[in-house]
Amino acid sequence: MILDGLNDEQRAAASAVHGPVCILAGAGSGKTTTLTRRIAHAISSGGFDASDVLALTFTDRAANELRTRLAKLGVDGSKVRARTFHAEALAQVAHFVGSPQIIPSKAAIIGPLVRRLPAPFKFKTTKDVAGEIERAKNRRTTPDTYIDDLDGHVPVLAPDVMVRVFAEYEKRKRGLDFEDLLGEAIKAMERPEVAERVRAKYKAFSVDEYQDVNLLQQTLLEAWLGGRDEVCVVGDDYQSIYGFTGATPDWLLSFEKRYPSATVITLTQNYRSTPQVLHVANRLTNGLGGRAKVLTATRPEGGDCSLSEYSTDEAEVRAIVAEIDRLASSGVAFEQMAILYRINARSEDYEEALAAARIPYQVRDGAFLRRPGPRAVLRQLERGREGSVEAVCRSLGWDPDAEPEGNEEITRHADLSRLVALAEEFDGSTAEFVADLKRRFEDDENARGVVLSTYHRAKGLEWDAVFLPRLEEREMPFALSKQDEEVAEERRLLYVGITRARTYLRLSWAREREGKNARPSRFLREINPAQKVSAPVEKPPDSELFLRLRAWRKRTADELDVPAYVVFHDKTLREICDREPKTLAELSRIAGIGPAKLDRHGPEVLAVVAEASSP
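Numbering (this note's numbering), first residue to last: 1 to 615.
Mixed in with the good hints, there may be bad ones.
Claimed, not checked - Lysine-lysine pairs mimicking DSS-like chemistry, simulated, CA-CA at most 30 Å apart:
1. 257 <-> 187
2. 187 <-> 79
3. 438 <-> 257
Stated by the list, open to error - Quick list of simulated restraints, FRET-style, between CB atoms:
4. 149 <-> 425: 43 to 49 Å
5. 61 <-> 250: 23 to 29 Å
6. 250 <-> 579: 30 to 36 Å
7. 98 <-> 200: 39 to 45 Å
8. 61 <-> 580: 40 to 46 Å
9. 322 <-> 557: 27 to 33 Å
10. 394 <-> 561: 27 to 33 Å
11. 550 <-> 431: 29 to 35 Å
12. 611 <-> 512: 29 to 35 Å
13. 370 <-> 73: 35 to 41 Å
14. 394 <-> 160: 23 to 29 Å
15. 425 <-> 98: 55 to 61 Å
16. 148 <-> 73: 45 to 51 Å
17. 425 <-> 292: 47 to 53 Å
Just so you know, these hints were derived from the structure itself, not from any lab.
None of these values were measured; they are calculated from a predicted model.
Note that beta-carbon positions come from the ideal geometry of N, C-alpha and C, so glycine has one too.
Could you build all of it, start to finish, from the sequences and the hints given here?
Structure below.
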């Protein structure tokens with residue numbers, strides 16, 4: 001009964017109850033189903049008692065999912081331990097050493113240290129610096145060995161500066177951070193009496209998402225095993241995308257070398273995506289290396305995939321919004337559509353465009369106004385800081401000519417640049433500008449609608465329709481990815497994005513990005529979907545109203561002797577076209593039209609709109 005409904009590959013994996021087992025699970029191949037069925041089968045067949053098993057994963061959500069599924073299979077979740085590495089380490093340290101004081105976040109310690117650094121280092125984000133320390137600790141690196149262990153890695157601060165911050169952090173912290181917690185568990189296992197009790201308690205181990213383990217976690221796992229081989233690992237080297245934490249697929253790929261007697265089973269039947277989506281994903285696998293996994297679809301033909309080229313970034317955004325609207329009209333729920341991007345800074349174009357189109361959306365852990373840069377600017381503006389938005393941004397380290405490093409710092413800098421540009425377009429007081437920003441970008445915590453997410457946040461999720469824009473060099477692969485392994489991880493990241501789609505997949509790039517020429521991503525040449533590629537899509541013809549508004553704007557700009565964008569930005573004109581306001585009150589609700597512009601240009605704009613709509 002427990003093995004009912006499994007395909008041949010899954011059944012073979014679930015039936016391999018003893019010995020070292022490696023399950024190479026392709027995207028959408030039912031890895032969690034296979035893992036939980038294997039545990040349940042091992043217990044029901046008498047291979048192990050439920051209390052003998054420790055099932056390890058990386059998030060509380062994943063651990064809860066394991067427990068829920070095991071319970072449905074008749075396994076007592078209170079006996080099988082399904083936990084994260086950190087939760088099990090905490091339990092053991094508390095039991096054998098004493099309840100530790102856990103530092104909930106490194107930010108409170110690292111923030112002041114970074115702010116006291118000389119420029120330009122003091123403008124680095126706390127998150128980037130904390131991430132650098134976490135990467136080092138996950139590789140079991142200390143301040144003393146940090147520089148020697150860089151191995152080509154470029155840190156977010158100059159190496160000597162980073163060492164000083166790392167050492168000072170270690171000196172100032174009062175308690176254990178999450179990496180220390182694993183280290184303390186390893187130390188506890190070095191005591192014979194502790195090792196004996198832990199190994200007597202756990203006789204079989206299962207590790208989910210094994211491609212994401214780092215040296216620290218692998219060391220702890222080996223300490224728990226104590227030379228035994230009752231371990232089952234499940235993972236997909238094609239989806240190893242957390243190198244910035246020290247994670248590497250090498251532990252998964254070298255499993256057979258460490259355990260020559262291992263049973264290795266590959267799951268390739270995909271239950272998520274249509275053949276069309278998998279056709280694109282499988283094209284990319286030629287460059288992924290590792291263990292070959294060609295996904296085969298169990299779903300029938302359906303939906304479609306496209307690779308589109310646009311003239312500009314604005315044309316790309318408009319086309320994506322139009323396609324979302326079309327798919328929604330055909331019955332695809334907004335919540336079943338997602339736009340994925342490389343870093344958080346890329347969300348605001350879509351936030352603004354979707355809001356203007358009255359399409360609901362939700363941002364996964366990275367909405368524009370909640371990110372560090374905009375949050376700091378708003379805080380200063382709301383406190384009545386004098387000076388322009390540009391001056392506030394400069395006080396926070398913004399420099400239009402800077403080339404920031406680190407994902408979070410690039411995002412912060414891009415966000416500040418965006419605020420400066422929005423302020424230049426806005427005509428009104430500072431208070432009105434802040435109110436306008438909140439109206440346009442402040443999302444509801446419980447918002448529903450189209451999902452906006454980074455690739456990393458999207459892992460483990462799936463949608464009916466997935467949009468992957470900005471597939472250009474310096475974006476995918478990202479500009480900071482210079483070493484071969486970094487580029488390889490970017491390729492895997494794109495693979496993860498592609499395999500999130502169930503039915504519709506939209507890939508795109510623009511020849512011009514933010515006024516500069518752009519080149520298509522090298523990965524697009526690898527994908528080359530042949531007949532699956534749509535003809536290049538250019539921006540749709542401008543409406544009659546838009547053409548009339550542009551003509552009016554040109555006349556007005558000439559009369560005032562100012563650039564056209566000072567009168568109104570193209571985005572404002574397009575929103576006027578979308579809404580066709582009939583009163584000044586309706587016109588005032590359009591982004592970019594403050595009281596001064598409403599008073600100066602409102603009546604003329606309404607006249608143009610009325611004239612265009614008259615028969």
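Now for the hints, and whether the structure bears them out:
1. 257 <-> 187: 27 Å, holds
2. 187 <-> 79: Roughly 26 Å between the alpha carbons, so the hint for residue 187 and residue 79 holds.
3. 438 <-> 257: 56 Å, violated
4. 149 <-> 425: 43 to 49 Å: Check passed, 47 Å falls within 43 to 49 Å.
5. 61 <-> 250: 23 to 29 Å: 26 Å, holds
6. 250 <-> 579: 30 to 36 Å: Given range 30 to 36 Å: violated, Cβ gap about 55 Å.
7. 98 <-> 200: 39 to 45 Å: About 21 Å separates the Cβ atoms of residue 98 and residue 200, which means 39 to 45 Å is violated.
8. 61 <-> 580: 40 to 46 Å: Given about 45 Å between the Cβ atoms, the range holds.
9. 322 <-> 557: 27 to 33 Å: 28 Å, holds
10. 394 <-> 561: 27 to 33 Å: 28 Å, holds
11. 550 <-> 431: 29 to 35 Å: 31 Å, holds
12. 611 <-> 512: 29 to 35 Å: Since residue 611 and residue 512 have Cβ atoms about 33 Å apart, the given range 29 to 35 Å holds.
13. 370 <-> 73: 35 to 41 Å: 40 Å, holds
14. 394 <-> 160: 23 to 29 Å: At roughly 27 Å between Cβ atoms, residue 160 and residue 394 fall inside 23 to 29 Å, so the hint holds.
15. 425 <-> 98: 55 to 61 Å: The hinted range 55 to 61 Å holds for residue 425 and residue 98, with Cβ atoms some 58 Å apart.
16. 148 <-> 73: 45 to 51 Å: Hint holds: Cβ distance 49 Å, inside 45 to 51 Å.
17. 425 <-> 292: 47 to 53 Å: 51 Å, holds
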